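A.B. asks: Chains as they are written, first to last, in this note's numbering: chain A, 1 to 308; chain B, 1 to 311.
The reader is advised that the hints may include incorrect statements.
[Claimed, not checked] Which stretches of chain A does chain B cover? Using the computed rule of at least three CB atoms under 8 angstroms from a CB of chain B, they are:
1. 15 to 29
2. 226 to 236
3. 248 to 256
4. 265 to 271
5. 284 to 297
[Stated by the list, open to error] Here are a few chain A residues that sit away from chain B, every Cβ distance over 10 angstroms (derived from the structure):
6. L34
7. C48
8. H74
9. F146
10. T150
[Claimed, not checked] Sample of chain A residues at the chain B side, in silico, Cβ under 8 angstroms:
11. V73
12. V119
13. L155
14. W169
15. P176
16. V241
17. T242
Don't read these hints as lab results, they were simulated from the structure. Source: prediction; values computed, not measured. Yeah, the Cβ is synthetic: ideal placement off N, Cα and C, and Gly gets one too.
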Amino acid sequence: MTRGTAIYAARRLVLVLGTAFLVSSVTFLVIHALPGTPFTCERNPAGCAHENLVYGLDDPLFIQYRTFMWNLVHGNLGYSYVNQGVQVTPLLLEEAKNSLILGVFALVVTIVVGLIIGVTAAVRQNSWADYALSTFVVVGYSVPSFVLATFLLILVGILLPTWGGSIGWGSAEQIPIPAIALGLPFAAIVARLVRASMLDVIRQDYVRTAWAKGLSSRVVIIRHALRNALIPVVTIGGPLVTGIITGSVVIETIFGIPGLGKEFVTSILIRDYGIVVGLYTFYAVLVGLANLAVDLIYPVLDPRISYA
Amino acid sequence: MTTITTGLNMGGPIAPPGTPGTVDYSIAPEQVSLWQDAWRRFRRNKLSIAGMVVFLVVVVVAVISIFWTPYSIYAQGLGDVTDPLSLKHPFGLDSSGRDVLSYIMKGAQIVIEIGLLTAVITSVVGVTAGLLAGFFRGWVDTLISGITYIGYGIPALLIAFLILFVTNKPSILNVIIALSVTNWMDMARLTRGQTLALREREFVEAARATGTKDFTIMARHVLPNALGPIIVQATFLIPQAILFEAFLSFLGFGLPSPDPSWGAMVADGLNDRFLAYHTMIVPSLALLITLMAVNFIGDGLRDALDPRLKR
Numbered sequence: 001m002t003r004g005t006a007i008y009a010a011r012r013l014v015l016v017l018g019t020a021f022l023v024s025s026v027t028f029l030v031i032h033a034l035p036g037t038p039f040t041c042e043r044n045p046a047g048c049a050h051e052n053l054v055y056g057l058d059d060p061l062f063i064q065y066r067t068f069m070w071n072l073v074h075g076n077l078g079y080s081y082v083n084q085g086v087q088v089t090p091l092l093l094e095e096a097k098n099s100l101i102l103g104v105f106a107l108v109v110t111i112v113v114g115l116i117i118g119v120t121a122a123v124r125q126n127s128w129a130d131y132a133l134s135t136f137v138v139v140g141y142s143v144p145s146f147v148l149a150t151f152l153l154i155l156v157g158i159l160l161p162t163w164g165g166s167i168g169w170g171s172a173e174q175i176p177i178p179a180i181a182l183g184l185p186f187a188a189i190v191a192r193l194v195r196a197s198m199l200d201v202i203r204q205d206y207v208r209t210a211w212a213k214g215l216s217s218r219v220v221i222i223r224h225a226l227r228n229a230l231i232p233v234v235t236i237g238g239p240l241v242t243g244i245i246t247g248s249v250v251i252e253t254i255f256g257i258p259g260l261g262k263e264f265v266t267s268i269l270i271r272d273y274g275i276v277v278g279l280y281t282f283y284a285v286l287v288g289l290a291n292l293a294v295d296l297i298y299p300v301l302d303p304r305i306s307y308a
Numbered sequence: 001m002t003t004i005t006t007g008l009n010m011g012g013p014i015a016p017p018g019t020p021g022t023v024d025y026s027i028a029p030e031q032v033s034l035w036q037d038a039w040r041r042f043r044r045n046k047l048s049i050a051g052m053v054v055f056l057v058v059v060v061v062a063v064i065s066i067f068w069t070p071y072s073i074y075a076q077g078l079g080d081v082t083d084p085l086s087l088k089h090p091f092g093l094d095s096s097g098r099d100v101l102s103y104i105m106k107g108a109q110i111v112i113e114i115g116l117l118t119a120v121i122t123s124v125v126g127v128t129a130g131l132l133a134g135f136f137r138g139w140v141d142t143l144i145s146g147i148t149y150i151g152y153g154i155p156a157l158l159i160a161f162l163i164l165f166v167t168n169k170p171s172i173l174n175v176i177i178a179l180s181v182t183n184w185m186d187m188a189r190l191t192r193g194q195t196l197a198l199r200e201r202e203f204v205e206a207a208r209a210t211g212t213k214d215f216t217i218m219a220r221h222v223l224p225n226a227l228g229p230i231i232v233q234a235t236f237l238i239p240q241a242i243l244f245e246a247f248l249s250f251l252g253f254g255l256p257s258p259d260p261s262w263g264a265m266v267a268d269g270l271n272d273r274f275l276a277y278h279t280m281i282v283p284s285l286a287l288l289i290t291l292m293a294v295n296f297i298g299d300g301l302r303d304a305l306d307p308r309l310k311r
């Protein structure tokens, strides 16, 4: 890592933290400015007053905001309003672990399937294989992830009724189906990019030289062509990671995976204000850091890019 | 005497090339405008034409559904969800005994409204912001680019959900607002880039030299020349909006229950999967086919309008 890269990374990090601060402030203020309190006071006025006292909801908004920020700086995202006594930070970290496992496997599906399809289509340009794969790609990026997930669910139910690999979380056999459902639509996008950039690279002089030298096609395609064809593909790394994080919301909900995405939907549906604010902050940091990581990988893959 | 010879004039007397006094137009490239040229190339793309036809069918179905559906979408208990697909109910019935075909038809209305309105609103906001930022530069650019830069750091999902959370009343309008707020930034960035390049061109300089006002230059000289990529981007906004609405409705954040959203229908179908599959498959296919059609139109437009891909 050069000095320029370090400065660049530091500046981006400040931006990520700034964005997270903005997101948490806006979410906090917007949610607390909404009319009404999280606790219904009609049925149980005494209990409601107690809750408001415990959560400090009687304090002026400014004091609440100050407490929230003070806790935030110390890594404490507060407490759940619905499941009382549950701390948000450890809850989210535990859920982030599940989401990470799912996300990494989905990313593997995306990259492996995307590369195989993209390279095959490019090498056999205008053949029936190319047309078939290109059609698959259009279907792939048109199909909503929840449609793909429901079809996979039904397919597994019909073909392998005894296999426990569809709904639930906790064992290894429950990983592949949601990972495929999450990763496959993005594989279509990767395949499309790989095909285009491979077609570009295959016509370059150095690839013709490699063929002329009598190298095996595997070496030419993988070592000479693909390595350079991958560079444009890396540019969608940021949107890809954001997409997988976002996509996990629906996939985790369908497959009942206790991850961040499922928490996102549930906490909003049951109006658990404490978790909503904490989760928004967490997501903003997560997406920012993921994008930063992708940007820092570019110059490693392509020495022509530098942040100096 | 001057004989004009064209490649198309096959019937008349043709002077041999090089005859003095004739203008041989057959060797000069035919003059066509950008839009004629684009249309010609778009027409050659069979998939795009097919996509256009499918999209028009969806639009027609949506319009018909305003006045007529085979059954009322509120009519429940027409039969059982496990009844086989029949002539009376080509797409079967859902678990409340409602006619799925009627539901799909009404749903087309929502798909078209959300897709088109979001694309239009997003484009107007994004193009205006991009034009202003690229043309005036300075603090205007810093402000607009700053907003887009921060906006990119926040997943669209978070912004959309916060808006829906605050309004607390899912309606078509709120979904469209949420989609527009999260999508205008791409359009602004694209237009800004185009404007930055165009504002340095000679014809803009000429317009400025003749005393044309800034806003006239933007509207008459810059915008028309940036229109190609903007149209392509706007076309791809339609499937994005449809997809996102379906996504929200599937999760239960979209339109409330009597409103027939295809995304919500898939969610209902998923719950009914132990009874029957058609309640899930029919809306899924409707979504898939519509999205593919619009994506094919977008692909065709891009190939036809993007000068970098010319021939």
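A.B. asks: Each hint should be assessed against the structure and marked as holding or not.
C.D. replies: Status of each hint after checking the structure:
1. 15 to 29: Our answer is that it holds, as 8 residues pass the Cβ test (under 8 angstroms) against chain B, meeting three.
2. 226 to 236: The restraint on the stretch 226 to 236 of chain A is violated, since only 0 of its residues have a Cβ under 8 angstroms from chain B and three are required.
3. 248 to 256: This one holds; 4 residues, not fewer than the three required, reach chain B with a Cβ under 8 angstroms.
4. 265 to 271: With 3 residues closer than 8 angstroms to chain B, the stretch 265 to 271 of chain A meets the three-residue bar; holds.
5. 284 to 297: This one holds; 4 residues, not fewer than the three required, reach chain B with a Cβ under 8 angstroms.
6. L34: Since the minimum Cβ distance to chain B is about 7 angstroms, L34 of chain A lies within 10 angstroms and the statement is violated.
7. C48: Since the minimum Cβ distance to chain B is about 20 angstroms, C48 of chain A lies beyond 10 angstroms and the statement holds.
8. H74: 23 angstroms, holds
9. F146: The claim breaks: F146 of chain A does not keep its Cβ more than 10 angstroms from every Cβ of chain B (closest is about 5 angstroms).
10. T150: 5 angstroms, violated
11. V73: Hint on V73 of chain A: violated, closest Cβ of chain B at ~19 angstroms, above 8 angstroms.
12. V119: Violated, because the Cβ-Cβ distance from V119 of chain A to chain B comes to roughly 21 angstroms (cut-off 8 angstroms).
13. L155: 11 angstroms, violated
14. W169: 18 angstroms, violated
15. P176: 20 angstroms, violated
16. V241: Violated - the Cβ of V241 of chain A stays beyond 8 angstroms from chain B, reaching only about 10 angstroms at its closest.
17. T242: This interface hint holds because 6 angstroms falls under the 8 angstroms limit.
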